[in-house]
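Start from the sequences, fold in the hints, and give me the full structure.
Protein chains: 2
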Amino acid sequence: MSSFRAQKMAKKKQEILRSAAAVLVEKGYQGTTMEEISAKLLMTKGSMYYYFKNKDDLLYQCHLMIMEICLDGIEKVVDSDCNPIEKLKRAIKEHILLATSEKAMFMALAKPNHNFSKEQLQEVLELRKSYSHYFDRIINEGIDKQVFDRLDIKMVRLIILGALNWIQEWYDQSGPQTAEEIAEVYADYLLKMVVKE
Amino acid sequence: MSSFRAQKMAKKKQEILRSAAAVLVEKGYQGTTMEEISAKLLMTKGSMYYYFKNKDDLLYQCHLMIMEICLDGIEKVVDSDCNPIEKLKRAIKEHILLATSEKAMFMALAKPNHNFSKEQLQEVLELRKSYSHYFDRIINEGIDKQVFDRLDIKMVRLIILGALNWIQEWYDQSGPQTAEEIAEVYADYLLKMVVKE
DNA sequence: ACGAATTTTAAACATAGGTTCAAAAAATAA
DNA sequence: TTATTTTTTGAACCTATGTTTAAAATTCGT
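Each protein sequence line maps, in turn, to chains A and B. Numbered as in our numbering, the first sequence ends at 197 without a single skipped number. Numbered as in our numbering, the second sequence ends at 394 without a single skipped number.
If you are wondering where the hints come from, they were derived from the structure by calculation, not from laboratory data.
Within a straight-line C-alpha distance of at most 30 Å, the following computed DSS-like cross-link-like pairs (lysine-lysine) qualify:
{"id": "1", "chain 1": "B", "residue 1": "Lys242", "chain 2": "A", "residue 2": "Lys27"}
{"id": "2", "chain 1": "A", "residue 1": "Lys118", "chain 2": "B", "residue 2": "Lys224"}
{"id": "3", "chain 1": "B", "residue 1": "Lys393", "chain 2": "B", "residue 2": "Lys351"}
{"id": "4", "chain 1": "A", "residue 1": "Lys27", "chain 2": "B", "residue 2": "Lys326"}
{"id": "5", "chain 1": "A", "residue 1": "Lys53", "chain 2": "B", "residue 2": "Lys224"}
{"id": "6", "chain 1": "B", "residue 1": "Lys210", "chain 2": "B", "residue 2": "Lys242"}
{"id": "7", "chain 1": "B", "residue 1": "Lys210", "chain 2": "B", "residue 2": "Lys224"}
Far from chain A, by Cβ distances over 10 Å, these chain B residues were calculated:
{"id": "8", "residue": "Leu268"}
{"id": "9", "residue": "Val275"}
{"id": "10", "residue": "Ala376"}
On a predicted model such as this, the values are computed, not experimentally measured, just so you know. Heads up, the beta-carbon is just placed ideally off N, CA and C, and yes, glycines get one too.
Written as structure tokens, this is what we have:
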């Protein structure tokens with residue numbers, strides 16, 4: 001029935017979110033205009049307001065969208081029955097592949113601080129915390145099972161996620177290395193940092 | 198003579214650059230207004246134009262300023278006569294201490310892409326490349342002297358600098374850990390990744 | 001095909017913020 | 001002090017862009 005309409009609206013919203021994320025990549029929040037977002041979809045900027053309350057609302061929903069994808073990915077890894085080494089490897093690779101293939105969306109997450117309402121900011125930070133927490137669980141498991149060194153979990157997680165997130169700053173689709181290759185090497189080296197020898 | 202005048206002018210320029218960097222931290226390039234920069238110094242935005250051609254020029258000079266400081270630091274480390282392990286440790290710590298103490302300036306460097314002229318962008322990227330190159334030299338020396346594993350130098354450098362640069366995203370002056378403590382732990386763990394066992 | 005609901009448009013509006021400029025103020029030299 | 005140079009001011013200007021809105025176009029059920 002009306003769910004047909006609702007579906008169509010949802011789809012359009014997704015399109016807009018993706019377009020928004022794409023522009024956000026290169027321009028940053030303040031540099032992104034409603035005009036540019038809509039132009040990519042052959043719409044006029046006015047029509048954005050049929051789907052979103054305003055620009056801030058749009059960006060906020062960008063965050064929710066990508067965070068959901070990230071959390072889905074890592075949840076699967078954590079809940080799998082691999083050993084910690086394999087889990088950490090997979091988590092790292094997963095993160096890199098997501099960060100590079102969905103580069104647009106990922107970069108939008110870089111600085112959520114501004115322009116968000118207290119509640120929105122709260123929500124975004126909460127989701128991030130969940131994500132970090134999954135990494136902590138993997139590292140902790142590795143230490144428990146004595147396959148990782150006794151490490152400062154938080155520090156190690158910050159180092160790893162820092163290294164991973166920074167990839168967005170230099171990764172280039174048309175560069176010499178594929179995301180898979182990068183993921184392979186990164187996982188390899190970063191594991192060297194944590195596994196017992 | 199007039200060098201007195203020139204000095205005073207230079208000093209004022211520095212003040213403005215620092216104020217600009219401070220605002221840039223939290224607002225990003227597009228979010229930073231000439232008004233806010235000048236307000237911090239109890240000036241009016243109009244007077245900025247006595248010292249800088251325009252906003253872009255101002256931000257560009259911010260870049261040059263901080264890059265100079267960075268390069269000075271790492272040059273000293275590279276030219277010292279420590280062993281590669283010590284050098285890499287010191288380079289990492291130096292970077293972290295700079296990035297945290299001069300957080301403002303450092304973050305301004307995050308995304309130099311936009312709004313810069315071709316020449317300005319060229320210059321900034323060139324300086325960055327020099328900086329990376331110093332890290333490469335240290336890593337290379339470590340491999341040559343057989344104290345480091347045979348590594349993909351570029352990848353390792355990207356991992357290390359990524360981890361370091363990401364610190365800005367979460368580091369909090371009033372947080373539980375001092376920059377020194379963070380630097381210590383980071384250097385420790387990252388070294389684990391490269392040194393031969 | 002017809003009418004109602006939905007979606008898009010294009011223009012108008014409002015405002016923020018970069019930039020300019022002539023005049024005022026302050027600093028300096030004589 | 002007086003004249004000249006340097007610095008700051010504050011208002012004016014202009015453009016970009018977020019937002020609103022009434023009308024037009026489209027879609028959809030019947």
